[in-house]
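Protein chains: 2
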Amino acid sequence: MAKEKRNQSNGDGREKLELKKLRELLAEQQLLLKEHRLPVLILLEGWSGAGKGAVLSRVVKSLDPRFYHVYAKSKTTEGEERRPYLWRYFTKIPEAGKIVLMDSGWMEDSVRAHLSGSLDNEDYAARLTSIMAFERQLAVNGYLLFKIFLNISEKEQGKRLDLLREDKNTRWRVNEEDLWQNKHYDKTKKELERFMERTNVPFAPWHVVDGTDIRQAELAVLKLLTGGIDGAVKGAAVRPQPLEEAFPMKKAGLLAEVDLGKALSEKEYEVRLKSGQERLRELHNRIYRKKVPVVIVYEGWDAAGKGGNIKRLAGALDARGYEVVPIAAPEPHEKSRHYLWRFWTHLPKTGHVTVFDRSWYGRVMVERVEGLCSQEEWRRAYQEINEFEKELTDWGAVVVKFWLHIDPETQLERFTERQNTPEKRWKLTDEDWRNREKWPAYEAAVDEMLAKTSTQFAPWHIIESNDKKFARVKAIETVIAAIERAVG
Amino acid sequence: MAKEKRNQSNGDGREKLELKKLRELLAEQQLLLKEHRLPVLILLEGWSGAGKGAVLSRVVKSLDPRFYHVYAKSKTTEGEERRPYLWRYFTKIPEAGKIVLMDSGWMEDSVRAHLSGSLDNEDYAARLTSIMAFERQLAVNGYLLFKIFLNISEKEQGKRLDLLREDKNTRWRVNEEDLWQNKHYDKTKKELERFMERTNVPFAPWHVVDGTDIRQAELAVLKLLTGGIDGAVKGAAVRPQPLEEAFPMKKAGLLAEVDLGKALSEKEYEVRLKSGQERLRELHNRIYRKKVPVVIVYEGWDAAGKGGNIKRLAGALDARGYEVVPIAAPEPHEKSRHYLWRFWTHLPKTGHVTVFDRSWYGRVMVERVEGLCSQEEWRRAYQEINEFEKELTDWGAVVVKFWLHIDPETQLERFTERQNTPEKRWKLTDEDWRNREKWPAYEAAVDEMLAKTSTQFAPWHIIESNDKKFARVKAIETVIAAIERAVG
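Protein chains in written order, with the UniProt record's numbering: chain A, 1 to 488; chain B, 1 to 488.
Think of the hints as simulated: they come from the structure by calculation, not from any bench. Some hints could be false.
[Claimed, not checked] Output of the computed footprint for chain B on chain A, the stretches with three or more beta carbons under 8 angstroms from beta carbons of chain B: (1) 176-183; (2) 282-293; (3) 327-341; (4) 400-411.
[Unchecked claim] The calculated lysine-lysine pairs, modelled on DSSO-like cross-linking and capped at a C-alpha distance of 27 angstroms, are: (5) B:Lys168 - A:Lys61; (6) A:Lys168 - B:Lys349; (7) A:Lys427 - B:Lys311; (8) B:Lys234 - B:Lys311; (9) B:Lys168 - A:Lys274.
The C-beta atom is built at its ideal place from N, Cα and C for all residues, glycine as well.
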């Protein structure tokens, strides 16, 4: 208490009154956030000892605790280390109508790592690109993002760190890195300024707040937040332009050219499947040892044979090193976040394999065709997906994407067979029949998807699946080739 | 490959045929599991090098990868270390209709820890009690639990570990502890047998399977699983008896005796709230330093003032060290698991505070009164909840449970006020009015709940809340007293 008071301005009546009014205003704005289903992410960066925790605690005081969540800085966990960098933040984004506050985040991480030498110039540049894409994606998806830097002088920092270390209850808050920072204040300052300059974009600008006086700091932060929220609910928030054409595009109309006559004899199937499975088993050990993550995406027409295909692939793998994630319609807690959120939460650890049985491509297929998202949303999804997959491959993942292709006649045959076979009937739903009627609309969507998301780092593989044997062998051999390219 | 073959029987035709038939049977049974919404948990324990991974991989081969999940043994994470022991298993239980397979689990953990001395006799006994309660809770909630031990001889184990170490792709699978185990085979064996003996209960018996020959082992496991599943879908599974009266009961009818006239003057409120908040702030640093977790439960009548009460409490805490978890109706993925699952997933780490705004007590209140679960289910929930809270307090948590009590007249007043105040109207739903009509049914349920779950380790505190000021001060002072008892 005493300590806190020392850092407080005397607080004339006017200031106290203003503080009170702003707190009340923020409390009222919560209802607006709820009503507008607006998610808010507040990143509070700042010098060690600048009082981020104290400011956060004061700011949330007027809020209803059911509507916000604070993430405290903590040591990087093994789970985080074995996932792409953005995983630790993407998995923590707020739901619609809620507020997430972070006690430092991606700037602190990155600048510290760069200064300590563990992130070299090239990786640091890539990191900045990732972060900027992340921020842009949030903003364009309707997230309100505040980036605040709590500033104190070198001298003030030294004083604060000393104070914290004097009290046994707060001593644990100060670590070696904090002391290092104070010793290398100027160097750190230069790097922080460079970071802020480069990530200072109109839809997510930086706000530097003076942290010398805690009450003044709270006042400044409250002004920022209430002003920003007011603007956002009035629709005045700056939204970035989607960058649709940043990745080279393949020509459209690929599906029409696919030769669906390809087939394998029973004998050739058995031989090639067996040798493929054996090879894959060996490679699974190797990717585990080399800590290479593998992400496999299965998309395709209903009844194209995804289930059986995945089963043959999974059957070759060590059961302890892979996971098959079936993707259905999102549940409420998934739907109320950025649509990529639920895929981020399911990424494999390094050395593991995740097979997505349907995937993030739902956005540009079923959600597009059935009108479950706006045109603007699915249009910009191509770029968002490419960025997502770029994160994965930059992280070192092998990404293999399959489109299991059949013709409408084969689908009808299989639907009919399912209907007539009691133990297969559960696979066939009314929705399947409805989707079938929209074949042309789906075909157009698939064609555009293949064209716009077949990147160099994550190309699509069309699997001719009128003959299931051919499809299974081609899929497994494609995965083998991709892994071999990665682990030699 | 070569290695695996050496461990395979020559496999006469009859055996091969049997294997094929059992694999097909298991594949078919998956549909039955789906249909009956039956969750299956398969725990595969065994000696290091016994081939758990190989058996698992074979067993799942015939399954649809969308319906099972394998958890591989891995190093204990920080998240696990900072949660109660069962957290790592309870959070992994399958959804209805799905299968979870674990490559070793609670026996391995516990016996290893006991043999290494990190779990002394007393803690080991407590551990066994926890595990047995966990298994019983799963079984009685309709989970089908298989506990299998894969057995090999000392000599065979030595041979296998040598083979694994010879190949650079499998070398990482063998660690120091595995070698230790082979060196102390007899001692380990005795301890494993003791564990199995003590946890060998009718509804979750142990099955020892000979792992010398991999194909024979697969055959034995498949027989076990198919037989068990067949029995379960036919309703023949052994279910444990609920143990309703294991904890001492308070007398019922507590609510009628509550003196709702208690109130505080504005002045006394301000003084006591402020000093309480200051004290709590100090204690928050202390529990962080001493790594004591705190779990606070808020239950109470609609409009009893939970939100405002929680806000005053949370306002005293460091925003980086607590979380408020609002509990609403379960989402589909929550509903399809043991009802305590979603609370396990939200437990605090050591040193942190979690406030549950409504809680697991929904089972014996709203779910009971509205008929959302069966009578058998809510009746046995008292014991299940007591066991859950015992886990928490044994782990070292401070557990504080509040019932915010008001009379029907006060509720009506507050409902009416909410209705007439635009910015409060969102708090009032049609459901609130409907619940109000069922006051007597709810009162009976609450009375029974207070009587049956007011244990020594986690007593209920009734907070007289007709006067909100009194309620807030009493809640905060109760939390302070509880924490002080724990951290001195």
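(request) Please flag the earlier hints that this structure goes against, numbers listed from lowest up. (result) Hints 1, 4, 5, 7, 8 not satisfied by this model.
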